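Engineer: The chain contents come next:
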Amino acid sequence: MTTTTATSRGFGYRHPNLRLAGLLSAPMAWLVVVYLGSLAALFLTAFWTVDDFTGQLVRTFTLKNFQQVFTSSAYLGSVVRTLGIALLVTLFCLVLAMPLAFFMARVARPSWRPLLVALVLTPLWASYLVKVYAWRAMLQPETGVLGWFLAPFGLDSPGYGFLGIVITLTYLWLPYMILPIYAGLTRLPDSMLDASADLGAKGGRTFRSVVMPIIFPSIVAGSVFTFSLSLGDYITAQIVGGKVTMLGNIVQTTYVTNLPFAAAVATIPVVIVLLYLFAVRRSGALDNL
Amino acid sequence: MSISRGTKIVLSIFAVIAFGFIYVPLGVILINSFSVDKSLTWPPSGFTTEWWGKAVQNEGVREALVTSVGVAVVATLLALVLGTLLALALGRYAFFGRESISMLVILPIALPGIVTGIALNNVFTTFLGGLTIVTLIVGHATFCIVVVFNNTIARIRRMGGNVEEASADLGAGGWTTFRLVTFPLMRSALVAGAILAFGLSFDEIIVTTFTAGPGITTLPIWIYQNLFRPNQAPIVNVVAAALVIVSILPIYVAQRFSNADERGAGLI
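From first to last, the protein sequence lines are chains W and P.
Going by the working numbering, the first sequence opens with residue 199, and the numbers climb by one from there.
Going by the working numbering, the second sequence opens with residue -7, and the numbers climb by one from there.
To be clear, the hints were calculated from the coordinates, so they are not data collected in a lab.
Since we're looking at a predicted model, the values are computed, not measured.
Backbone N, C-alpha and C define an ideal beta-carbon position, used for all residues, glycine too.
Where hints are given, some of them may not hold.
[As the list claims (entries may be wrong)] Under 7 Å between C-beta atoms, here's a sample of chain W residues computed to sit facing chain P:
| hint | residue |
| --- | --- |
| 1 | Ala224 |
| 2 | Leu229 |
| 3 | Ala239 |
| 4 | Ala335 |
| 5 | Pro339 |
| 6 | Thr341 |
| 7 | Phe351 |
| 8 | Leu429 |
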C-alpha cells in the first residue's frame, strides 16, 4: 500500500511522515513503553534472585531460576503436563470444529448460516468464569450432571483432574477454532470443488488436495488461540483441576514471595508461544486473526 | 464436491451433538439458578425464585457490577482511540517496521494473560507505587486495543483510499475528510470493536487479579471469591445465570450493525 497522494490542501497531506508520526505516537508510547517495557522488565527479573533471608531482590545475573525449573522433577512435570494439556485441547478442538464448521459452511442451508454463526459466537460472550463454573457443576464427582447422565450407561464422571481440565479448556476455546475454519470454508469457491470432482477426485481426495490446503491457515489461526490460551491458564486448573496444577498455578503461587522465579516460569509459555507464532507467520495465518 | 446423503446425515447428527456440548453447560447454569439446594447438586431437588431476589439485593454483587461497567467503559474508550490511530497508521501508510507493529499489537492477547498480568503488576508496584483502579484500567486497555485495531483495519483496507482522495480533490482538509468521509465509513466497525473491547474487559479475570488495587472487586473477581465459599452457591448461580442471559445482547447488537460473514470474521 502506498502513502496517500499529496494534495495542495492540509498540512498533514503535505507532510505524510508527520501525519504518520502523529497517528503512531500515542499507541506506540502505550504498547512499547507500558507493555513491551513491562515484559522486558519481567524477563530481566527472571535472571535475578531473591535473598532468602531479607526477601530483597538481588540484581545479579544468574540462571539459577531456570536451573531450578529444569532440574526439579515436580516443575519439569508441570511443564510437560501443561504442554500436554495445550496440545490435547488443540487436538480436541480441531476434531470437534472441523466437522461442525463443514456442516455450517457446506451442508446447512445458506439461510441458516447467520443463525449457526450466532449460535457458535454466543457462548464466547458468556463469562469465562461462568463457563468454568458450569463445568464444575458438570464434572462434580458425586452430584454432577455428567455423572448423572453417564450413570445409566454404567460410566462415571471423570471428576476434577487432568481430564476435567482438558474438557473444560476444549469447551472454552472451541469457538476460536470453529470460526476461522468456517470462514475459510465459506471462502472456498464451489467451482474449485466442481473442478476437482470433474477431474475424477472422490470426496476424500478433494478434501485432502483442495479443501485442506485452503483452510490450513484457518486451522493454524485457530490453533494459535486454543494452544496459547490453554498454555497460560491457571483458573481452570484451580476450579476443575483437583490437585492437578499447570505452569500458571506455579507462577500465581510464587510471584508474591519470589518474583524472579515466577518470571522464569512465566517465560516458558511465552517462549513456546513466540516460537509457535514465528513458525506459523509464514503460513499467512496471522492475517486471519 | 457433491456431498453424499449419508455424509450429510452423519454431519448433521454430529452438529446436533456438538451444539449440545456447547449449550448444555449453559443450560445447567440457568436451571441451577432456580435450584433450592444450597450447594451444587444435580438434579436439583426443587425449584424456587427466591435466590434471584436475594442476588438483586446483594450489596457485593451490585458494587462489583458498577465497578466492572466503569472499568470496561474507560478501558474501551482508551482502546478505541489508540486502536483507531494505530489502524489508520498501519492501514494507510507503508513504512519500515509495520509488520513488527502488527505483531506487537496482538501480543497482549497472544501471550498468556498471567504473563501480561505479572509483567504489569511488577512495573506498577515497582514504579507507580502500587495498584489502583488506574492500573487496572491501563491493564485492560492494553489487551482491548487489539480488538478495536483488528475491526478497524479490516474496514480501512476494504474501504480503500479512493473516497478519501476524492474528498481531498474536492477541497476538504485532513480533518474534514476524516469527519465527513473516513469516520462515517468506519463507524460500524468501531461499534463492533467497542462492544468486543467492553466484553473482553468486563469478563477479564486474570489481568484483573494482578492489576487491581486492594479492595477493588469487579464482577468476575466477586464470583471467583465466592465460588468456593459454602452457602454462597445459590447467589453465585444466579449471577452466573444472569451473565449467560446478558451474553445474548452483544450478538443481537452486532447483528444489527454488520452482515453475518463480516461478523464471523470481525468478532475474533
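Engineer: Give a verdict on every hint.
Structural biologist: We went through each hint and held it up to the structure:
1. Ala224: Because about 6 Å separates alanine 224 (chain W) from the closest Cβ in chain P, which is inside the 7 Å limit, the hint holds.
2. Leu229: 6 Å, holds
3. Ala239: 6 Å, holds
4. Ala335: 5 Å, holds
5. Pro339: 11 Å, violated
6. Thr341: 4 Å, holds
7. Phe351: 15 Å, violated
8. Leu429: 6 Å, holds
When the structure is compared with the earlier hints, violations turn up for hints 5 and 7 and for no others.
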